[in-house]
Amino acid sequence: MTWPPAHPEQPVVTHRPWDPKHPQAKEFVNEYDRLVYVVIDEIVEDWVDLSISLWPHADAYGRLRFLDPKGAVDLGTTRKQLRRLLESGEFPTGEVDIGQSFAARVKDGTAAELVEKLRGQSEHGQDTTDLGQLLQRPVDLTKQARMLARLASYGALLSTLPAELEDRWNLQEELET
Amino acid sequence: MPEPIPAPIPAERFRDGDFVAACNKAADSLIYFLLNVGDGDTQLLLLPGDPDDPSDSRRAIVIDVATTDKLPALVETLHLNGLFPERVVGGHEFPIVVGTHPHAHHIGGMPQFLSWFGDHVTEYWDSGYYHPSSAYLETMTQLERLKKQVTVTQRRAA
Chain F
0 MTWPPAHPEQ PVVTHRPWDP KHPQAKEFVN EYDRLVYVVI DEIVEDWVDL SISLWPHADA
60 YGRLRFLDPK GAVDLGTTRK QLRRLLESGE FPTGEVDIGQ SFAARVKDGT AAELVEKLRG
120 QSEHGQDTTD LGQLLQRPVD LTKQARMLAR LASYGALLST LPAELEDRWN LQEELET
Chain W
0 MPEPIPAPIP AERFRDGDFV AACNKAADSL IYFLLNVGDG DTQLLLLPGD PDDPSDSRRA
60 IVIDVATTDK LPALVETLHL NGLFPERVVG GHEFPIVVGT HPHAHHIGGM PQFLSWFGDH
120 VTEYWDSGYY HPSSAYLETM TQLERLKKQV TVTQRRAA
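Going down the list, the protein sequences come from chains F and W. Counting in numbering that gives the first Met the number 0, the first sequence runs from 0 upward without gaps. Counting in numbering that gives the first Met the number 0, the second sequence runs from 0 upward without gaps.
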């Protein structure tokens, strides 16, 4: 191992846009370059921070991979604006909550163009009071996204088990299938 | 107008000088870096080497990585200036990396950091909260990749 290590190369991931097994999945897969993956990252009183990423790919093990080396971009908005956007699409009514996740189409251009535009304003993205001008047709993916987050955590935590226990319980094989 | 609050650090500490030379001279000091990442956290604690072992060199604890690129740039700069050389004895330049909680302004740059420096990390301390953000998912994927050398511990774990 060299120190300090060289800048890592981008991971090679099979070109397979994530199909979240939603009734609108066909559209998802076909339009992934116009889709963003949005998570309610934080809520402070009336203010909501959204984490916006390019549409993820699924790797050979079914893990979601986000290939933008710059990571997600933040977008701040109000509860009211977010609620208005969610109610325009496939999303249950009720209060918004941290961790809720949805797919949305960008209103103009491609998802990559929107993300770069948001990132260009500042290192941490920017705020908007008119979310509907940027995103449209949201689809609730909270259940699927939370399950994948839990599985990702399990994948990382398996490392805390001694290798002989992993072998005895056949955990690696179970994870890979 | 309220009275200005007196600076808690004596003014003479702000004199111009050679920061790197001062750090190199104080080999037994802990050096703390709080990076300017806006509304978020990226902290690096550069630990002194073992005073009883001249061959021992500094290691670093990382607490949160809010953004991409800034922390790697600091590590490279510290190395170039002789403050963070490769550890001849023991390796493990980063004995502990902490992700305090999975919001973007705390782990937004963690996937890149682990992808870049993960082979030099010994332990990752995680809060134990699942979060479906891309930063969290990619962080977990990196930790899974590093499972042979990095121990992951959570608040809820034994």
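Just so you know, the hints here were simulated from the structure itself, not pulled from any lab data. Small disclaimer: the values here were computed from a predicted structure and weren't measured. Heads up, a few of these hints could be off.
Here chain W is said to cover these stretches of chain F; the calculated rule only asks that three of the stretch's residues, wherever they fall, bring their Cβ under 8 Å from a Cβ of chain W [as the list claims (entries may be wrong)]:
hint, region
1, 31 to 41
2, 44 to 52
3, 57 to 64
4, 79 to 93
5, 139 to 151
All C-beta atoms, glycine included, are put in the ideal place defined by N, C-alpha and C.
A quick look at each hint next to the structure:
1. Look at the region 31 to 41 of chain F against chain W: 4 of its residues bring a Cβ nearer than 8 Å to a Cβ of that chain, three or more, so the hint holds.
2. By the rule of at least three residues with a Cβ nearer than 8 Å to a Cβ of chain W, the coverage given for the region 44 to 52 of chain F holds, with 3 such residues.
3. Counting residues of the region 57 to 64 of chain F whose CB lies closer than 8 Å to any CB of chain W gives 3, so the stated coverage by that chain holds, three being the minimum.
4. Judged by the Cβ-Cβ criterion of 8 Å, the region 79 to 93 of chain F is not covered by chain W as claimed, because only 0 of its residues qualify and three are needed.
5. With a cut-off of 8 Å between beta carbons, the region 139 to 151 of chain F has 7 residues touching chain W; three or more are needed, and the interface restraint holds.
Checked against the numbered hints given earlier, this structure breaks only hint 4.
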